[in-house]
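Taking the hints into account, I'd like the entire structure generated from these sequences.
As you go down the protein sequences, you meet chains A, B, C and D in turn. Its first residue numbered 1, the first sequence is counted upward by one per residue in my numbering. Its first residue numbered 1001, the second sequence is counted upward by one per residue in my numbering. Its first residue numbered 2001, the third sequence is counted upward by one per residue in my numbering. Its first residue numbered 3001, the fourth sequence is counted upward by one per residue in my numbering.
Keep in mind that the hints were calculated from the coordinates and are not lab data. Glycine included, C-beta positions come from ideal geometry on N, C-alpha and C. Some clues are possibly wrong.
Calculated cross-link-like contacts (lysine to any residue; reagent style SDA-like; alpha-carbon spacing at most 25 Å) [as the list claims (entries may be wrong)]:
(1) A:LYS281 with A:LEU261
(2) D:LYS3029 with B:PHE1022
(3) D:LYS3029 with C:LEU2280
(4) C:LYS2161 with C:ARG2346
Negatives, chain C to chain D, calculated, CB over 12 Å [claimed, not checked]:
(5) THR2063
(6) LEU2075
(7) LEU2264
(8) ALA2362
(9) LYS2397
Coverage of chain D stretches by chain B, computed from C-beta distances (three or more under 8 Å per stretch; other residues unrestricted) [unchecked claim]:
(10) 3013-3022
(11) 3075-3089
(12) 3107-3118
(13) 3135-3149
(14) 3162-3174
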Amino acid sequence: MKFFEKLASIDRRIIYLLLALAVVVPILLKLVLPITVSEPVKSAYAAIDGLSDGSVVMVSIDYDASSAPEVQPMLLSVLRHCFAKKHKVVMLGQWPLGLPFGEIGMTTVVDEINRAAQSPADSIRYGANYVNLGYRPGYRALMVGLGREFRDFFATDYRSAPVDSLPLMRPIHNYNDIDLLVGLEAGQAGDEWIQYAGARYGLQIVIGATGVVAPDMFHYMQARQIKGLIGGLQGAAEYETLMQHPGTGTAGMVPQSWAHLLLLAFIVLGNVGYFVMRRKKA
Amino acid sequence: MKKEIPLAITFLTGVIIVVTFFIPHQPLGGMQQRLLIWYSIVLGFTLLLGVDSLLRSNLQKIMRRAPGWPYAVVVVAGFLATLAAGIHTWATTKDLLSLGSSFMYIYTYMIVPLQATMFALLAFFIASAAYRAFRARTLEATLLLVTAAIVMLGRVPVGAEIWDKLPGLQDWIMEIPQMAAKRGIFIGVALGTIAMSLRVILGLERTYLS
Amino acid sequence: MSHIFIALVTLALAAAPVRAAGAPAAPAPAAPAFFAAGLTAADAPNDEGRAIDLSWTKAPGDTGGAAVFRGYQILRAEQAEGPFAEVGFAIGGKTSFRDNVAEGAVHYYRVRQLSAAGAAESETVGPVRAAAQWFDASRLNVLIVTVLLAFLLIWYIERAKKGEELFIRKIQGLDAIDEAVGRSTELGKPILYSFGLGEIRDIVTVASLAILRQVATKCAQHGTELLVPNWDPLVMAAAQETVQQAYSEPGRPDLYKEGNVSFLTTDQFGYAAGVDGMMLRQKPGAVFLLGYFYAEALLMSETGHSIGAIQIAGTTAITQLPFFIASCDYTLIGEEMLAASCYLKRDPQMLGSLKGEDFVKAALIIGFAALAVTGTVGVVLSRGGHGGLASVFQAIKDWFVTA
Amino acid sequence: MMHIIGTWIAAGLTLAIFSFLYKDNPFYKFAEHLYVGVSAAFAILYTWAFDVWPMLVEPMFYGRGAASAADRWILLVPMLFGLLMLSRWFPKIGWLSRWAIALTVGIAAGLGITGQIQGILLPQVAGTLVPLTSLDNVLMVVGVISTLVYFYFSIAQKGAVKVGSRLGMIFIMVAFGASFGYTVMARISLLIGRLYFLAYDWLHLVR
Chain A
1 MKFFEKLASI DRRIIYLLLA LAVVVPILLK LVLPITVSEP VKSAYAAIDG
51 LSDGSVVMVS IDYDASSAPE VQPMLLSVLR HCFAKKHKVV MLGQWPLGLP
101 FGEIGMTTVV DEINRAAQSP ADSIRYGANY VNLGYRPGYR ALMVGLGREF
151 RDFFATDYRS APVDSLPLMR PIHNYNDIDL LVGLEAGQAG DEWIQYAGAR
201 YGLQIVIGAT GVVAPDMFHY MQARQIKGLI GGLQGAAEYE TLMQHPGTGT
251 AGMVPQSWAH LLLLAFIVLG NVGYFVMRRK KA
Chain B
1001 MKKEIPLAIT FLTGVIIVVT FFIPHQPLGG MQQRLLIWYS IVLGFTLLLG
1051 VDSLLRSNLQ KIMRRAPGWP YAVVVVAGFL ATLAAGIHTW ATTKDLLSLG
1101 SSFMYIYTYM IVPLQATMFA LLAFFIASAA YRAFRARTLE ATLLLVTAAI
1151 VMLGRVPVGA EIWDKLPGLQ DWIMEIPQMA AKRGIFIGVA LGTIAMSLRV
1201 ILGLERTYLS
Chain C
2001 MSHIFIALVT LALAAAPVRA AGAPAAPAPA APAFFAAGLT AADAPNDEGR
2051 AIDLSWTKAP GDTGGAAVFR GYQILRAEQA EGPFAEVGFA IGGKTSFRDN
2101 VAEGAVHYYR VRQLSAAGAA ESETVGPVRA AAQWFDASRL NVLIVTVLLA
2151 FLLIWYIERA KKGEELFIRK IQGLDAIDEA VGRSTELGKP ILYSFGLGEI
2201 RDIVTVASLA ILRQVATKCA QHGTELLVPN WDPLVMAAAQ ETVQQAYSEP
2251 GRPDLYKEGN VSFLTTDQFG YAAGVDGMML RQKPGAVFLL GYFYAEALLM
2301 SETGHSIGAI QIAGTTAITQ LPFFIASCDY TLIGEEMLAA SCYLKRDPQM
2351 LGSLKGEDFV KAALIIGFAA LAVTGTVGVV LSRGGHGGLA SVFQAIKDWF
2401 VTA
Chain D
3001 MMHIIGTWIA AGLTLAIFSF LYKDNPFYKF AEHLYVGVSA AFAILYTWAF
3051 DVWPMLVEPM FYGRGAASAA DRWILLVPML FGLLMLSRWF PKIGWLSRWA
3101 IALTVGIAAG LGITGQIQGI LLPQVAGTLV PLTSLDNVLM VVGVISTLVY
3151 FYFSIAQKGA VKVGSRLGMI FIMVAFGASF GYTVMARISL LIGRLYFLAY
3201 DWLHLVR
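This is the structure we're talking about:
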């Protein structure tokens, strides 16, 4: 009994330390575990893969630094996939503070591809293969308005170049000219894309979401309101696996596993102590 | 007048937006688009609302040498330095996302670590709560914790190492029972939102004017 | 109630064929017969007259990606004989294109296929012009539901306003409130009540104020101390008023101490740390966490648990609810909290809305059950060769599908 | 060089925030206040660069994206409303901000009504209409119905309603358990992200 009382009054900083160790040790040891790919991620992959070469994919950056570790690896994988399929990418964002993550991810992937390019035909260029429109306030109003005309909101791209000066944007007027939206979500914006652009204009949507948001997306998936779902860091790791290009998602799954085991041990231990002490009291 | 005009604005804009949803013909189609553009523009200004009170309260703290005033200096200095870097970047490149700029430097090396770490703290808080507060004291809480345990194991690679059916079980929980309950919940939330929106347009609900 | 549901279903079924008839009607007389690519052009339906829809059958060579088949050039002219100019391009694999045009003008179209083997052009179609529609027929189902819901809600709100007795069941968590106050009184400990980080305009804050009123009344009756630390100054003002009123009603205004309903800070974790400190120092016997919460919920409920307080939580923040359920003794889940405030306060607006929503829920419950049976029987029958019921079921289901 | 300095700054700030775990201290307070100040400046700059400049200044004064003179000058209306929003800065005329709030609230509510019906209600009802030909389908329909019963307040919880409501509670707890698990996962992922930064970008412990 004493044991449990002592256990119950343990300093929380010891708990913090144990969690830190559970994460740091596997990072340092660089362990790897095999990733099993789930159906929703397969569907997301298939949605991008199934488009004709050269389709237009819109990517919405709806997250910021507070969830970037989960979502950024999704962005990298999706961009790699799009460019491998010769798709054109139109980037924009609903979270002003997250916009730079889109730019950073795009630059990373574009540099990577252009460095490996064998001929000018293999390389990708701003304005021809991808554009970044930036951010406008408005969420649902913006999403509805883009269904009529992009230029009403985005007369210019993120660095004030008129969109009609960009060959990629010239034929794009509304969602009829977008083949797929990949929404990378850390909050409500994903629901709004589905309700205001998907349901209203028939825009095809794939969602990549943080672990917090992902469970609230399954009913859209079942009702076929979205074509695929990449959920949390594990989802990112699964997409990396499908792309055969492991990154921080795959690397993160080992510390993730250890931390989950530790937390479950905490819950079990805490409950055992609770019930033992309660019985003693009773 | 302080309440009538806002109520009239809300009513008018709300009705126009609902009506134009069903009637695409001009001039309604264009009217809707115009309102949406206005919304977008006006909403941007709400980003600024907090800035004034933030600066004001911190400046007051500094003037009065209130307890903790040096931190108020940090707020103001951080604000001014970032503003200066941003204005400089904008004036020279018209591109606030230009990765080599001083503005993005502040973003990458200050905003990102600060914001990200703030949220990383939550992992520790959850760990501590897991040990000290998450108790299976009722049937409901027990069900919740058991489901959570299956999901937490089934959603990481180590789950498959423990029992190869775990990832499949996890997928099934997410796609059938959890989806069904979430659907019920979100249908309820949608009904609540519709009722609220209707009351707002009709001017019955006025708390937003307070 | 059931008769309205039946009426609803009948209406829905009646609407289904209307919608099919309102679907794109190609101006058949104008279009010449056929060409190599099976090209058709028609006014885009349900729009403001700014687009023409083109569609064609996939070219035989359209397989294997851009290297073999480049795509389809869309050519447009003002006269049948030309000149035709490119107005758009559809990549290989696509069989449709929406051309944005001005309303009313006459257009002729051709499609040119570009493949590795060379180019081939379709015959000309036209004339075709874009026309605006006065009603978006594809949204008829939304219109019907909008009108029905608006009617229901207004009707119930009016009934509630007239003071009609509208039944709301007792919410279980409310019993727990009395119990928690009683226990604290026995132990001689204060009670702590937090609104979390909700603003005064959040509906959940309004609901929480109604519950605070109940808690404060109990506290006044028992002479128990009530602490309400706040994050938002406006919420604090409202809470002060509520508590003060509650204390003066049983004639104990002397017990009300203004300092007990206090303002802490507008910083998220700072607020949580402040409330935690308060709990550790004053050791309340009961903790109420009712309002809108973010991540700070976890910190507060953990501390509340560690001091052994009875904890009653409630929020509409779906992400925080699981943590409350795991660490509190009783949790009001989402709408339950709004219903609890209706039960206590009987505000006609909230009450009417709640009843209206409940009506729809009842209709859905009955509808889901009835249609699940219909669908199942339909599937069984269609296995025996009778597809009638199955197609009725499918028609009903399709009616709900948007976009 | 700038990159190395930046990484050290970032690492210092990361550790300053983490120091809160030991206890509240000046380093944490410094970092937290810095964040508040810096992000406030971001709000101003982004409002300018992505709202005021491209949506007001450019079309009005440079005619970019505006078809006619009327298109240009009608933008004075949203500009006025935007400025009214800021009237809150001056307590005396603060009530004027209600006009601007009324505009945004009205439009959002108008969009909300049809949006919730078209975007959630109808498609989610359609998704629930399935024949009961598999156990999964049965469970799904029962789950949706019983959850709705749980949130049905117009009838006392007795008999069949009580059973339905209890069943609903079970489904809801499974759903919350799933959300719980996913949220825990998300928070751990963020921690991994930060510790990865410290180990990889800053200390170069991992290659």
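Structure-based check of each hint:
Only pairs whose Cα atoms come within 25 Å are accepted, and LYS281 of chain A paired with LEU261 of chain A is rejected, the gap being roughly 30 Å. With a C-alpha separation of about 53 Å, the suggested pair LYS3029 of chain D and PHE1022 of chain B falls outside the 25 Å cut-off, and the hint is violated. A hinted pair counts as satisfied when its Cα atoms are at most 25 Å apart, and LYS3029 of chain D with LEU2280 of chain C qualifies at roughly 22 Å. Distance hint between LYS2161 of chain C and ARG2346 of chain C is fulfilled; the C-alpha atoms sit about 10 Å from each other, no more than 25 Å.
With a least beta-carbon separation of about 33 Å from chain D, THR2063 of chain C lies farther than 12 Å from that chain, consistent with its non-interface assignment. The claim that LEU2075 of chain C lies off the interface holds: its Cβ sits roughly 26 Å from the closest Cβ of chain D, which is beyond the 12 Å cut-off. Against the 12 Å criterion, LEU2264 of chain C stays outside the reach of chain D, whose nearest CB is about 14 Å from its own CB. Chain D draws ALA2362 of chain C into its interface by the beta-carbon criterion, the shortest separation being 7 Å against a cut-off of 12 Å.
LYS2397 of chain C, annotated as away from the interface, has a beta carbon of chain D within 12 Å; the closest lies near 4 Å. Given as covered by chain B, the segment 3013-3022 of chain D passes the check, having 6 residues with a CB less than 8 Å from a CB of that chain where 3 are the minimum. Residue count for the segment 3075-3089 of chain D with a Cβ under 8 Å from a Cβ of chain B: 11. That meets the three needed, and the coverage hint holds. Three residues within the 8 Å Cβ limit are the bar, and the segment 3107-3118 of chain D against chain B gives 10, so the coverage statement holds.
Look at the segment 3135-3149 of chain D against chain B: 11 of its residues bring a Cβ nearer than 8 Å to a Cβ of that chain, three or more, so the hint holds. Proximity of the segment 3162-3174 of chain D to chain B, defined as three or more residues with a beta carbon under 8 Å from a beta carbon of that chain, is established by the 7 residues found.
Hint compliance for this structure: hints 1, 2, 8 and 9 are broken, all remaining hints hold.
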